[in-house]
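Enquirer: Protein chains in written order, with the numbering used here: chain E, 123 to 434; chain F, 66 to 441.
Bear in mind the hints are in silico, worked out from the structure with no lab data behind them.
Since we're looking at a predicted model, the values are computed, not measured.
One or more hints might be untrue.
If we take Cβ atoms under 10 Å as the criterion, some of the chain E residues that face chain F in the derived model are [as the list claims (entries may be wrong)]:
1. Cys175
2. Leu216
3. Met228
4. Arg230
5. Arg233
6. Ala248
7. Asp249
8. Ala270
9. Glu299
10. Leu303
11. Ser304
12. Arg306
13. Asp324
14. Tyr331
15. Phe378
Glycine included, C-beta positions come from ideal geometry on N, C-alpha and C.
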Amino acid sequence: MSGDKVIDVRGLTKKFGDKTVVDHFDIAVPRGAIYGFLGPNGSGKTTTIRMICGLLTPDEGEGTCLGFDVRREAGKIKERVGYMTQKFSYYEDLSIRENLDFVARMYRLDRRRQRVDAALADLGLADRQKQLAGSLSGGWKQRLALAACLLHEPDLLLLDEPTAGVDPKARRDFWDEIRRLSARGVTVLVSTHYMDEAVQCDFITYIAYGRKLIDGPSAEIPAMVGLVTYRVSGPDISALEAALRQEDGVEQVARFGAVLHVSGTDRAKLDSVVARYRKRGTHEWVEKTSELEEAFIYLMTGARDNFARDAA
Amino acid sequence: MSFSLARFFAVLAKEFIQMRRDRVTFGMMIGLPIVQLLLFGFIINSDARHMPTLIELGDNGPLVRAIISGMQISEYFDIQGDVTGVDSGEQALRDSSAAFVVVFPRDFERDIMRGLNPTLLVTADASDPSAVGGAVGALSGIVTRAMAETFSGPLAQLAPSPPPFDVAVHKLYNPEGRTSTNIVPGLLAIILSMTLVMMTAVAIVKETERGTMEMLIATPVRPFEVMLGKILPYVFVGYVQTVVFLLAGLTLFGVPFEGSWWAFFVGFNLFIVVNLALGFLISAAARSQMQAMQLSLFTILPSVLLSGFLFPFAAMPGWAQILGSVVPATHFLRVVRTVMLKGGGMGDIAGELWALLVILVVISAIAMLRYRQTLD
């Protein structure tokens with residue numbers, strides 16, 4: 123294994139037809155880390171994850187996953203990776219138990235019965251085990267999917283937008299589980315659209331149009347994005363928000379309750395705007411350190427839907 | 066990374082559970098063949114009888130009456146009534162209230178006696194050749210017989226003289242000329258190829274469409290284990306269909322089974338494997354269940370029309386026969402008919418078995434090339 127990198131790939135490239143979906147992507151994920159994978163729709167997150175776990179063969183690039191070559195040793199990678207797909211990908215016409223049992227048999231696990239029983243108990247679905255998976259709600263399906271891809275106790279979890287369409291409570295429970303796994307030494311690569319999930323990650327990489335734009339420890343991401351942010355409070359905040367959006371130099375106005383976080387990457391421009399508004403004396407302007415929240419919103423709104431470019 | 070029996074059995078078990086839960090499809094696999102057998106076995110009749118017929122009577126002598134009663138007895142013609150004038154006859158043909166209009170001209174009998182060679186005009190709705198063929202063929206016999214009966218005594222020299230030789234025809238294998246004896250074994254080939262190709266194609270594409278294939282591929286399961294585990298249940302379905310079919314065919318339709326069961330068994334299994342391979346090929350090419358269904362349908366039409374199921378194979382143009390030889394059902398059809406009707410054994414169907422084998426190898430080779438082990 124290269125250092126203690128669970129995933130270490132360089133120059134991954136995938137083309138579908140003449141469209142380059144992933145363009146020379148590098149990533150190095152240390153053992154036990156939770157690595158957040160951000161990017162707009164169609165930016166190539168799913169394709170990258172599929173290449174890492176051997177479902178897709180990269181057109182270019184190389185590297186290892188769990189010490190195995192992603193090109194030649196996909197079979198060995200599959201034994202040790204838990205991959206949770208974006209869409210629920212278990213059998214809706216099989217019962218919860220049958221699904222878990224089927225997955226256990228795919229990995230040829232020993233003590234199958236005990237493992238499935240334990241998973242059902244963990245899930246709290248022991249008394250509903252005969253229910254068809256298709257009849258479960260989104261949150262339960264997601265928990266079932268997580269339980270199924272943890273059955274073989276993988277070293278690496280690849281989660282592709284695992285909490286899409288799941289309510290906040292279930293999402294929080296889900297992340298508690300991810301944290302516990304990470305503490306036990308399981309490495310997690312998770313793609314997401316949600317800020318509250320992004321802030322849970324130890325590392326973050328941001329991808330747009332198949333290219334990696336930013337990659338680093340979460341704490342350093344705001345500095346990398348280079349946002350200057352002011353915190354504004356005062357009366358009639360909505361009107362102010364609308365006015366600020368029109369200003370040159372203000373690249374982002376994010377509302378947190380009764381306060382606004384006003385950010386821009388060009389300090390000189392932003393400061394001149396702020397100076398003008400300060401003179402009015404109606405609102406209180408305080409410069410704050412940019413946090414991951416602002417950086418996240420900036421990144422996610424900056425590059426819109428990546429499919430849109432092709433349509434244009 | 067070798068073949069794992071445990072995983073293969075897991076896929077197999079899963080497939081049977083899903084099959085059992087999908088009651089509509091399950092019913093279709095078992096119920097539909099029975100319905101089709103009953104329906105087509107009884108309905109399809111290449112010897113069309115009871116054609117509605119109108120008569121224009123310009124004469125009403127004993128000969129004419131003898132001809133008309135002969136037509137009725139033959140069962141080919143159902144005399145619906147009289148008609149007068151060319152126009153009303155044509156109208157009846159056009160609006161399909163009659164398939165034949167028979168015109169006995171004025172003074173028909175008298176002209177015969179005078180040796181004037183009068184014309185008995187039969188106008189037929191020949192838009193469907195197979196509908197009128199049998200009746201037209203029967204007509205000259207009817208007229209000859211009627212003349213022989215009518216012109217006796219002093220008029221005997223008018224009766225047609227018998228030909229100086231006899232033609233003896235031995236109708237082998239199906240002496241009664243029953244269409245169902247020919248159709249029922251053929252239907253087995255059609256129904257097997259229909260269900261098996263379609264079911265296999267859809268079963269595999271379904272995994273891709275529902276996203277479960279992505280989960281499957283992410284596990285260590287080998288493609289071959291998935292393939293075999295998904296296909297074998299349909300072999301079982303094919304067996305059940307065939308048993309049901311043979312039972313119904315032998316008892317209900319009294320179709321004979323003259324030949325070797327062993328030969329039938331070998332040909333039948335080979336045919337099942339060919340169909341599964343074809344289904345697999347389709348599933349490798351199709352992107353959705355809908356596409357898989359449509360592609361399967363494209364294979365079914367040639368099976369029905371080019372295989373010799375409905376129309377005699379030898380009567381097709383040469384190039385169509387070449388096309389037909391590529392269709393697996395053509396060869397299985399011959400196997401079934403040879404074994405069941407003609408009492409054939411392994412030696413008699415060897416050629417067909419070889420043809421099926423060649424088709425199998427070609428289809429499998431293409432399917433293997435097309436099959437994606439990854440999601441690319």
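Enquirer: Against the earlier hints, flag every one the structure doesn't satisfy and list their numbers going up.
Expert: Violated hints (numbers, rising): 5, 6, 7, 9, 10, 11, 12, 13, 14 and 15; every other hint is consistent with the structure.
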